[in-house]
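Chemist: Kindly generate the complete structure, drawing on both the sequences and the hints.
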Amino acid sequence: MDFTKLKSKVISAYDYRKVDLSRLVERFSPDEDALERELLLIRKKNAVMSDADTVAADDFVELSCRSVNSRYNKERVMVRVGKKLFGKEFEEKLVGLKRDEQTTVCVGGDAVDVHIAKITRSTLPPLTDENVKLWSEGSSLTVADLREKMIAQQKSVYISDTAETMAGEVQRIVNDSSTFSLDDAEIEQACDEANAFLKDMFKSNGLDFDALTDEQIKEATGMSTQEHTAFVQGFFLESLKSALISMELIKERNVVFTDDDYEKAVEEQSMLMGLDENEVRKTFTYDTFFNQRISDYYFEQIEEYIKSYLQ
Amino acid sequence: MAISFANEENYSELISKDFVIVDFYSTTCVPCKMLSRILEELTVDYPFINIVKVNITDHQKLGIDNQIEAVPTVLFVKDGTVLERVVGLMDEDEIIEKISQYYYG
Numbered sequence: 001m002d003f004t005k006l007k008s009k010v011i012s013a014y015d016y017r018k019v020d021l022s023r024l025v026e027r028f029s030p031d032e033d034a035l036e037r038e039l040l041l042i043r044k045k046n047a048v049m050s051d052a053d054t055v056a057a058d059d060f061v062e063l064s065c066r067s068v069n070s071r072y073n074k075e076r077v078m079v080r081v082g083k084k085l086f087g088k089e090f091e092e093k094l095v096g097l098k099r100d101e102q103t104t105v106c107v108g109g110d111a112v113d114v115h116i117a118k119i120t121r122s123t124l125p126p127l128t129d130e131n132v133k134l135w136s137e138g139s140s141l142t143v144a145d146l147r148e149k150m151i152a153q154q155k156s157v158y159i160s161d162t163a164e165t166m167a168g169e170v171q172r173i174v175n176d177s178s179t180f181s182l183d184d185a186e187i188e189q190a191c192d193e194a195n196a197f198l199k200d201m202f203k204s205n206g207l208d209f210d211a212l213t214d215e216q217i218k219e220a221t222g223m224s225t226q227e228h229t230a231f232v233q234g235f236f237l238e239s240l241k242s243a244l245i246s247m248e249l250i251k252e253r254n255v256v257f258t259d260d261d262y263e264k265a266v267e268e269q270s271m272l273m274g275l276d277e278n279e280v281r282k283t284f285t286y287d288t289f290f291n292q293r294i295s296d297y298y299f300e301q302i303e304e305y306i307k308s309y310l311q
Numbered sequence: 001m002a003i004s005f006a007n008e009e010n011y012s013e014l015i016s017k018d019f020v021i022v023d024f025y026s027t028t029c030v031p032c033k034m035l036s037r038i039l040e041e042l043t044v045d046y047p048f049i050n051i052v053k054v055n056i057t058d059h060q061k062l063g064i065d066n067q068i069e070a071v072p073t074v075l076f077v078k079d080g081t082v083l084e085r086v087v088g089l090m091d092e093d094e095i096i097e098k099i100s101q102y103y104y105g
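Going down the list, the protein sequences come from chains X and P.
Per this note's numbering, the very first residue in the first sequence carries number 1; after that it's consecutive.
Per this note's numbering, the very first residue in the second sequence carries number 1; after that it's consecutive.
FYI, nobody ran anything at the bench for these hints, they're computed from the structure.
Take every hint as true, because none was put in to throw you off.
No farther apart than 30 Å at their CA atoms in a straight line, the calculated lysine-lysine pairs in the DSSO-like style are these: (1) K17(P) with K84(X); (2) K84(X) with K33(P); (3) K84(X) with K53(P); (4) K83(X) with K78(P); (5) K33(P) with K45(X); (6) K84(X) with K98(P); (7) K33(P) with K133(X).
On the chain P side, residues computed to face chain X include the following (Cβ under 7 Å): (8) V44; (9) Y46; (10) G63; (11) I64; (12) I99.
Glycine included, each C-beta is placed from N, C-alpha and C at the ideal position.
Modeler: The structure is reproduced here in structure tokens:
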């Protein structure tokens, strides 16, 4: 649908900045488990590696093995003992073997000749201010600073993800609180586009929407044919309403999309699609870009509103 | 070797020997970031596993040459031969299963 030529109109637009976000989104609180995982990863990355004489769980062992079982017929393979990637039973039998030892172990009834070439032990360093300074390449970060920095990163990701996830919900609330005069032909067009989208969606999964029974559609979508069609059509009608509000905002704020904006968008599409920019311009015309900006502008404004609330 | 970043010049060489996990990603894709994180953690626990990352935003030709239609796409490669291709986000257990299957297989 070409949003620039709509006959439908907004009678009264509800201001998205009046939507009570406290009922929709939660304020950020640090994820302590994720923080601990992150700190453990930093310690693991800075683990001290040393040679060992006897294999213990978690050691890195370089070994060669011979067996009628082809899995255990390898030259100079690395094993992280106890991680069960090579084989649980085999790895358990490595524990206690010495460097340079040649022995035969039994795995699943097969004899496996093993030669231990090298044992490397990884020791996790403690999380101290001194170590943190060392790991952060000359900066004067302390453990507390590092935690603070990581929490700030978590917060930034949380805010950006929440804004993206909840902007649609705010749009729906705004649409429900606004009044529109929708053109019948445009409603029909939105429904036709929704139906075409629905069929394409099923087709991309190898299904013919028109040939499916109500039961098959329910199995695929959890909704009856009628419910699912209404759901998709509703989504398209919401998009039409959002585009109308977006147009109002663009006019009200004198927002202008320039040729430079278009060129930047072409460049982005070119990178995303892996196509030459001239190829992109054939399908991604200025009108397509403008239409897309109408949809996106309003969404982006709501995202900013949510972000500023969560800061 | 752990994690290497590929470009048009070094890609063939990076995947030519041993077992390699190739991660085709783009900078804006959220599941790609999640997968990157999982791979980063795996390289710490299994530094002997080679991971090659290909940013298809910067290296479009590699994406086209390898028929990458969506990101993330992970290729499990041994001695230059693609053994399996997985499109979409994989969790840690799934990747570990593939390592067990192909690195030791």
